[in-house]
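S.K.: Here the protein sequences line up with chains B and E, keeping their order. Its first residue numbered 1, the first sequence is counted upward by one per residue in this note's numbering. Its first residue numbered 1, the second sequence is counted upward by one per residue in this note's numbering.
Keep in mind that the hints are not guaranteed to be accurate.
Lysine-lysine pairs mimicking DSSO-like chemistry, simulated, CA-CA at most 27 Å apart [stated by the list, open to error]: (1) K85/B x K24/E; (2) K83/E x K94/E; (3) K85/B x K47/B; (4) K51/E x K24/E; (5) K56/B x K85/B; (6) K85/B x K51/E; (7) K7/E x K24/E; (8) K7/E x K56/B; (9) K7/E x K85/B; (10) K29/E x K51/E; (11) K94/E x K47/B.
Derived by calculation from the structure, the hints in this document are not laboratory data.
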Amino acid sequence: MNAEMRALLRNDILMGLDRLGDYEPVLDALHLNLRAMGHQSSRDEVKTELRYLMDKGFVTTREKEISPELTRYRITAAGRDYLAKEGLA
Amino acid sequence: MRKEPRKDAWWFGMPEERLDQIYKWSLVKPSETCVGGVQFALDQLAADGLKIVDAQFSRFRSFYRANCFWGSLGGLISAVQEKMPNATPEELAKVGDVVMMAKALSEENTSDYVSVRSVEQAERSGKTKARQKDEEIGLRRIKEQRDTCKLFLKWAEDEKAKSVLASGATNSEKIEALGRAMFPDWGEE
Numbered sequence: 001m002n003a004e005m006r007a008l009l010r011n012d013i014l015m016g017l018d019r020l021g022d023y024e025p026v027l028d029a030l031h032l033n034l035r036a037m038g039h040q041s042s043r044d045e046v047k048t049e050l051r052y053l054m055d056k057g058f059v060t061t062r063e064k065e066i067s068p069e070l071t072r073y074r075i076t077a078a079g080r081d082y083l084a085k086e087g088l089a
Numbered sequence: 001m002r003k004e005p006r007k008d009a010w011w012f013g014m015p016e017e018r019l020d021q022i023y024k025w026s027l028v029k030p031s032e033t034c035v036g037g038v039q040f041a042l043d044q045l046a047a048d049g050l051k052i053v054d055a056q057f058s059r060f061r062s063f064y065r066a067n068c069f070w071g072s073l074g075g076l077i078s079a080v081q082e083k084m085p086n087a088t089p090e091e092l093a094k095v096g097d098v099v100m101m102a103k104a105l106s107e108e109n110t111s112d113y114v115s116v117r118s119v120e121q122a123e124r125s126g127k128t129k130a131r132q133k134d135e136e137i138g139l140r141r142i143k144e145q146r147d148t149c150k151l152f153l154k155w156a157e158d159e160k161a162k163s164v165l166a167s168g169a170t171n172s173e174k175i176e177a178l179g180r181a182m183f184p185d186w187g188e189e
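Isolated chain E (complex conformation) (with noise of 0.2 Å):
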């Protein structure tokens, strides 16, 4: 059974679009009509009568940044290791790396979610100016896992990757091909 998780974590339990449309409100942009960013998160959850300060909503942005990171990466590596249905646990492992190799590689110098956080510890200690920042970090980074998840799925279904996990090839060398066609160096020591 699972258990009661800390008071603070107000998010637990939500259903995701839920906490999609929470995020969201987050990156509203601020206008003349509109406070926008985080306070109007909090106004939003305070009209439905959930009162949060800021520092939970930090929290539930770390959580919910985290949840979407490695939740995407999951989806692909079962995605990707579901053509192989005959793999060995070993060879399931290693396309598994090949994956998260593939993912971290493309993510390269997007470096975004850590820093939101660093912002989110300046506005705490009072440099508000961070915030709108904060903000556009935010939108981009959605962009640009968003683009990364596609075009990884494009690329997993488009005709080399086809034509690998249909050859008559053993499933260590499709390891090698799919490793090969994705790395230049695949393999170089």
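Next up, chain B with everything else stripped away, as it sits in the complex (with noise of 0.2 Å):
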């Protein structure tokens, strides 16, 4: 993945998160409509962009102690300053 591509991929996932509302979705459901999208990522490329931006302070999380493949993603209030900044939003 070039470094362009893994920027729109990055923006995708802000994106997604901005566009879902309350929904927070799990990383599975996360990487599949990436797939669907065309991201030809795998689903441990898109955990790692996820930590990055969590990293930002872009994204947190709501993690299940017991279950943390069920750990659910939203998007901060940075991350939406991010998105506006961009013209994303």
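Could you use the hints to bring the two separately framed chains together as a complex?
M.R.: Now the structure itself:
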């Protein structure tokens, strides 16, 4: 995945979390829909980008202590600010 | 208060109808009287006093397609969740998962969105033949997205879904029934 495609993937993840409203997807649901959009990224790659966005403060989680695979992701206010700054809000 | 976007996000603040119109311009087929495609869209925008270059238009198309994809999905999730007013947040989340999976599976093997972006990259590196393919893919993509949404909404309104949603079952049982109705392998590990 080149830098431009990675940037596109990150933007698409953030736009997805923003447009899904109150619903907070699990990794698998997010990954499958990114695939449906045409991203060829693996589940692990999407997870890596989610971690990157979390490190940036753009995404946060609601983690299940005993079922981490059911962790749900949501966009933060900083993530929404980023989308607005990029004209993607 | 909303922050000002970067300067090349020229579409920011435009109403949806305007965005639809601009995107449709880029899908116009070339003919003897019309240059068609992105150039046609750029010409129309220029006539409206907005001078945009190819790369800026490419950003707009990425935004527009993602906005349509996620926007329609968010709308579907809300529409189904509204049919379950007494559901708990956990149950609503699970309904959202079902809709997400349905959308992803219904669009499997039609993965053109990002390949369009790859084509756009190729265009910028001088492979102009890709442009026509881009337009064809774009048209097909819009039709597929609309068809998928229509099919899902029809499904959500049909008797099977209605009978599940109107039954006296608990919300957990409704979710299970909806999942079984939509996915043959629902619940199989």
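S.K.: Given the proposed pairing of K7/E with K85/B, does the C-alpha separation stay at or below 27 Å?
M.R.: Judged against 27 Å, a Cα distance of about 9 Å means the pair holds.
S.K.: Straight-line Cα separation of K7/E and K24/E no greater than 27 Å?
M.R.: holds, 23 Å
S.K.: Hinted pair, alpha-carbon criterion (27 Å max): K56/B, K85/B. Please report holds or violated.
M.R.: Between K56/B and K85/B the Cα gap is close to 15 Å, so the pair holds against 27 Å.
S.K.: With a cut-off of 27 Å on the C-alpha distance, tell me whether K29/E and K51/E pass.
M.R.: holds, 21 Å
S.K.: Taking 27 Å as the top limit, are the C-alpha atoms of K85/B and K24/E close enough?
M.R.: Given pair K85/B, K24/E holds - Cα atoms ~25 Å apart, limit 27 Å.
S.K.: Is the hinted pair K85/B and K51/E satisfied, with a Cα-Cα distance of at most 27 Å?
M.R.: holds, 21 Å
S.K.: Between K85/B and K47/B, does the CA-CA distance stay at or below 27 Å?
M.R.: Given that 27 Å is the threshold and the Cα spacing comes to 24 Å, the pair holds.
S.K.: Taking 27 Å as the top limit, are the C-alpha atoms of K94/E and K47/B close enough?
M.R.: Holds. K94/E to K47/B sits at ~20 Å (cutoff 27 Å).
S.K.: Starting from K83/E, check that the Cα of K94/E is at most 27 Å away, please.
M.R.: This hinted pair holds, its Cα atoms lying about 14 Å apart.
S.K.: CA of K7/E to CA of K56/B, is that 27 Å or under?
M.R.: Holds, at roughly 23 Å.
S.K.: Is K51/E within 27 Å of K24/E, Cα to Cα?
M.R.: Satisfied, since the Cα-Cα distance of roughly 18 Å is no more than 27 Å.
The structure shown violates none of the earlier numbered hints.
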